[in-house]
Amino acid sequence: MVTRRDFVKSCAVASGAAVVGLRPGAAAAADGPKKGGTLRVGFYIEAATMDPHLSGSKVDRQVYHNIYEPLVTLDTRLGIKPGLAESWSQPDPKTLVFKLRRGVKFHDGTDFNAEAAKFNFDRMKTEPKSIRKGEVANIDTVEVVDAATLKVNLKKADASLLATLTDRAGMMISPKVVQERGVELGRNARGAGTGPFEFVEWVKDDHLLIKRNESYWNKQGGPYLERVRYRPIPDDTVKLQSLQGGEIDVIDYVQPRDVAAVKTDKNVMVVDVPSLADFAYQLNHGRPPFNVKALRQAVAYAIDLEQIVKGVWLNVGYPANGPIPPTSWAYDKAIPPIKRDLAKVKARLAEGGKPGGFEFTMTTNNIPLSVQEAEVIQAQLREAGITMKIRLVDASTLISDGNAKNFEMISFQWSGRPDPDGNVYQFFKTTPGTSFNWSGISHPQLDALLDRSREVSAQAERKKIFSEVTKILQDELPMIFIVHPIEPKAFSQRVQGYEAIPDGMMRFKDVWLK
Amino acid sequence: MAEVVLRRLLATVPVLLLVTAGVFALLHLTPGDPVDAMMAESADASTKESLRRELGLDRPIAVQYAAWMGRLLRGDLGRSIRNGEPVLENVSRRIRPSLQLALLAMAIALTIAFPVAIASAVRHNTGVDRLGTTFALFGICMPNFLLALLLIFVFGVTLRWLPISGYLDPLEEGWSGLRSLILPAVTLGLALAAVITRTLRSSLLEALAEDYVRTARAKGLSEWVVIRGHVLKNALIPVVTVLGLQLGTLIGGAVITEYVFALPGVGRLVVDAVFARDYPLVQGVILLIALGFIVSNLLVDLLYGYIDPRIRLR
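Line by line, the protein sequences give chains A and B. First residue of the first sequence? That's 989 in the numbering used here, and the numbers climb one at a time after it. First residue of the second sequence? That's 341 in the numbering used here, and the numbers climb one at a time after it.
Hints in this document: simulated from the structure, not taken from any laboratory. Yeah, the Cβ is synthetic: ideal placement off N, Cα and C, and Gly gets one too. It is possible that some hints are incorrect.
As the list claims (entries may be wrong) - Where chain A lies over chain B, by a calculated footprint (3+ residues, C-beta under 8 Å): (1) 385-391; (2) 419-427; (3) 496-508; (4) 597-611.
Taking the hints into account, I'd like the entire structure generated from these sequences.
Structure follows, in structure tokens:
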């Protein structure tokens, strides 16, 4: 049971299209926001560390986005907007210059400036336990031009770097706190951030408390809430009941099976947040049977995505045409998801030398939703004469098997990234050694397109490239894409002013309580 | 007596060694890797490699075990891989709710089981007995998670008498702490009550058929005196055995109950640690749970001698 939330969340947390009709706050706009109150938030698991540079756990980010701030941040349509940097420019493809906001102070009273920003980038690159190294690997050096100007020199052009800096890799920690507190920062982030809320205390296994930053630099809107209190509640049903019973005000996720019932509860408000995620299966190109393209296609044509999204996901998601979700500017709705076609299955089986069908094993998570999905696929394939065995494993085993290419077909649930690059490049680019290219696809034309997608910066042109990529993926099938899940969040009726940002992070700056 | 205890405690050393070696081997044989689990969303192989080196995970298993043992002998259980917290600190925080829950559940179980079992045995094969055995059957068959959710629905969501989830320490928060433990303790207590009821009922029936009971009755003793003075004490041995085994299970194995009620106990800790492949944490918790089992079994053995002088330990 424990892996279920861990994995689905660790992989699925991202996401969320901003403006969905049901936005809390829309109804009560007449009253206007008021200050005060404690917002009680229930998450499936507690944070692992308060140090963004050492954080590997996705839930940490939910807290970070209220106490720390990144250089740039996301708007409701996945565009990049100013954060701690008020503007930026790109004199050449390998240089980024940030103009930093003046007068911003960390919660410990020290100044945020270019020196502090440089300190943070250097720490991400050199700290032995840094988990950000990969994200900032393409940053060659960082220079302080003056107190409010930071120059970032890249090793090569990278159109997706700004989007990466909207999260942990762009978050600024007080250098004084880092130097004085050392490893203790992991559990005590007092004074460390610049955000609308300040860290107060973290009683492990019980709660994490943050309070309003009275001297927050941005005087527009909130923070209104006096405090936000995070509590871990691992069981989904109980978490939902805690919301319905009035013990908490916000939950991070509602299971598809509960969505319909919760929407009829008058005390609770559900916000459907379409995600950045893509849930798929990787096919191993390095060993039989899926080293044969025709057999990969046979499986893809045998699967009925509509039926899976309707029957297993209860329509809390969209059938996928590829790795890029409908929330993204790069999504091409002219490319339909692969349709079931048993005649084509027959032809491909014959072409692949297995006219009588074949047998293979799927490796997937031992969590109810994944098991149901696997069973439906198993039945669909059986109708097409293909026998699929199901091997159930826990999340850690799944990742190890994937990295070791020890699978024929394996579940891959990716939470998604704001820039389409994060859903595409690392999965399909030819990479020797360990990478997320578990399928082992190596396709020169695809490689060239992927590299170009990083070099060009015009969005329209990048979109065209990603459309071409999607078409190649539908033909080559390193993955069979199933669904872009919706990630529903639920609130008590007291909660007002929440704006869903499509990365799924819950920023409480402008939230208030009725 | 002191010598017996000492001898028994010494005999636990090889048991603990075996447990730690077994757990260590099993953990490392299980596919999966702590760094992969921690960095599930990163494909950055070089960062992972350097993190593995930093954590000493690149060394041979035997070396890692020896290093762990060496630290253990100095009283250091190491630090969690996932969040760097000292294992001992983590476990000692988690053992409090687990112990409180176990003791409360046991108290509830005994309060229910004794009257029901005695009534069943004394009124053997009557309606009372059938009611008692039906209760026991129900308690044994009812899955924990279902009972927990039913209790939450009735007392938490509908009636709103008790908190739905979460934990407050009764030793610090008093009544509200106790309230947070009632539903989980009842969940565990009912199942345990069922087991004790069945055990006690059958051993009572056995004792009731003994000659000394007939003699006692023939002496004109009242039925209650016969039961309390002669039957009950002789029927206690199997019950104490069950209790001793269950105490260990309740402390380390109440995973589902802890999970459902969001109680930060030892059971959930070990399961989460296994899924994260947090080797030092799993090792540390299992060691302490094994120690708990050994101590509770020792207590049971000592209690035998008290209840029945014929089986005094030598």
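Now the hints, each set against the structure:
1. 385-391: holds (count 6)
2. 419-427: holds (count 4)
3. 496-508: holds (count 8)
4. 597-611: Coverage by chain A holds here, the residue count being 7 at a Cβ distance below 8 Å.
Of the numbered hints listed earlier, not one is contradicted by the structure.
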